[in-house]
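Student: Below, each chain spelled out in residue letters.
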Amino acid sequence: MDNLGFLFAANVVVWGGIIYYVYTIQRRNRALEKDLGLLKETLNKEG
Amino acid sequence: MNFDAMKKNQGESNLLIWSTAVAFFAAMVAIFIYVPTEQTEGVVQRVMYFHVPSAWLSFFAFFVVFICSILFLWKKEREWDIYAHASAEIGVIFCSLVLVTGPLWARPIWGAWWVWDARLTSTLILWIIYTVYLMLRTQSDAGSMRARYAAVLGIVGFLNIPFIHFSVLWWRTFHPQPKVITNEGIGKGMDPTMLATLGVSLCAFTLLYFLLMGVRVRQEKLKDEVDQLTREKHYSV
Amino acid sequence: MNLFLSQVAAIAWKDFVTELKSRELFGAMFIFALLVILIFIFSINLSVVKASEVGPGILWAAFLFSGTLGLNRSFMLEQENGCLMGLMLAPADRTVIYFGKLISNFIFLSIMELFILPLFMIFFNIDILEHLLPLLFVIFLGTLGFCALGTLLSSLASNLKYREIMLPVLLYPLLVPIVIAVVRMTGQALNGTPLSGMMNWIGLTVSFDIIYIGVSIMTIDHILEE
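Protein chains in written order, with the working numbering: chain A, 1 to 47; chain B, 1 to 237; chain C, 1 to 226.
Hints in this document: simulated from the structure, not taken from any laboratory.
Since this is a predicted model, take the numbers as computed values, not measurements.
Restricting the straight-line Cα-Cα distance to at most 30 Å, the calculated cross-link-like pairs of lysine-lysine (DSS-like) are:
| no. | chain 1 | residue 1 | chain 2 | residue 2 |
| --- | --- | --- | --- | --- |
| 1 | A | Lys-40 | B | Lys-233 |
| 2 | B | Lys-76 | C | Lys-161 |
| 3 | B | Lys-221 | B | Lys-233 |
| 4 | B | Lys-221 | A | Lys-45 |
| 5 | B | Lys-221 | C | Lys-161 |
| 6 | A | Lys-45 | B | Lys-233 |
| 7 | B | Lys-76 | B | Lys-223 |
| 8 | A | Lys-34 | B | Lys-233 |
| 9 | B | Lys-223 | A | Lys-34 |
| 10 | B | Lys-76 | A | Lys-40 |
| 11 | A | Lys-34 | B | Lys-221 |
| 12 | C | Lys-161 | B | Lys-223 |
| 13 | C | Lys-161 | B | Lys-233 |
| 14 | A | Lys-45 | B | Lys-223 |
My request is simple: use the sequences and hints to build the entire structure.
Tutor: Structural data, given as C-alpha cells:
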C-alpha cells in the first residue's frame, strides 16, 4: 500500500485549497468591514 | 438591510454552516472508515470521493454562471451579476482541485501524471475559459459594462461545453467508462457502500457550494455598499 | 430585408476601401502566416514525421494566428478614431455592424488563406489539387466559425484595458472544438476521405457556426451599448 502518500497528498490539496479560499474571503471581508466603519464614521462627522 | 432581516439571514447561514460541517464529518467517516478499500486500485481509489464531487460542483457552478448571465442580460439587475461572479470563482477553485487531485490519482494507477484523455482535456479547457472569465472581470471597471461583457462570456463559454465534449471525445479517450450512471441504470457499476459514500460526499460538497456562495454574495454586496459610501464621500467634500 | 443587406454591405465595403487605401493589414497577415509555418517547419524534422500528418495542424495554426491580427484590428481601428460611435449612431441595427464586420473579416481571411495554400503545397510537398473541393469546403466552415466567434469577442475586447492581449486569451480556449474538428477534417480531406466519411465533424462544425452566429445576434446589442 505505497499509494498512501498519493491519497494523503490529494487530501492535503483539497483541504488546503478550501481552507485557503475561505481564508482569503475572510481577509477581504475584514478589510471591507474596516473600510465601511471608517467611511461611516467620517460621513457621520461631516453630516 | 434592517436588523431583523440580518438576524434571520444569520440564522439561516448558521443552519447551513452546521449542516455542511455535519455532512463533511459524515463524508470523512464514510471515506476513511466505512467504505472498503477497492481491490485493484488500492487505497488511492479513495481520492475519487473528493475528485468526483469537486468535478460535479465545478460543473454545477459553471451552469449557475450560465443561468445567471442570461438572467442578467434579460433583467439587467446587479443581483444576477453578483451571483454569476461568485459562482464562477467557486467553480474555478473546485475545477483547480479536480485538476490537481486527478493527476495524484492517475499517477499510481495509469503510471502517468497526465494523459491527453477526453475528460482531462475538456476539464482543462473549461478551467482556462472560466479563469479568463475572472480575468475579464478585472479588466474593466465595476459597472454595467463589466457585467454585460462578463455575462456574454458566461453564455458563450457554457454553450461551448457540448462542442468541447464531443470534439475531444472523438479526438481520443481512455478515461474509465462512467461507473455511476451507466446504460443499465444508475449505480449498477459500483458497490453499494461505495455509492453511498460517494452520495454523502456529493451532498457535503453541494452544501459547501451554497455556503460559499452565500458568503461571497454577501461580501460582494458589502463591497457595493462601501463603494457607494466612498462615492458619496467624494461628492460631499 | 433589402435595407438590412445594403447596410451590411456598406459596412463591409467601407472596410475594403480602407484596406485598399492603406494596405496595412493584408500584407502583415500574409507574412505573419508565412512566418508561423516557417517556425513550425524549423521545429519539426520533416524527414522523420509525415508531412500529411503534421501539415494540417501547422496550416491551421498559421490561419488562426494571422486571423487574430485581422480580428484585433477590425474593431480597434474603429475605436481609435471614435468611428465606432459613428457606426452606432447610424440609423441601423447593431446586428448590421456585426454582420458587416463578420463579412469583412471572413473575406480578408479567406483571401489570405488562398494565398497561403499554394505555399503550403510547395513547402510540405502535399498535392492539394487532387482533393481541392472538399478541402475548400472544410476551410470555408472553419473560417466561418472562427470569424463568427472572433468578431463577437473582438467587439468585446476592444473596450478592455489590455485589448491586444485579451482577444487571443478569450478566443483560443473557445475555439478548441472547432480547431480540433477542422484539423482532423483537413487531414482526412488531404488523405482522400470523401466528405461523407467525416459527417460527425462536419455536423459539429456546422452547428458551431450556426449557434455562435445566433448567440452573437442575440448578445451584440449588449456589447455595443454605451
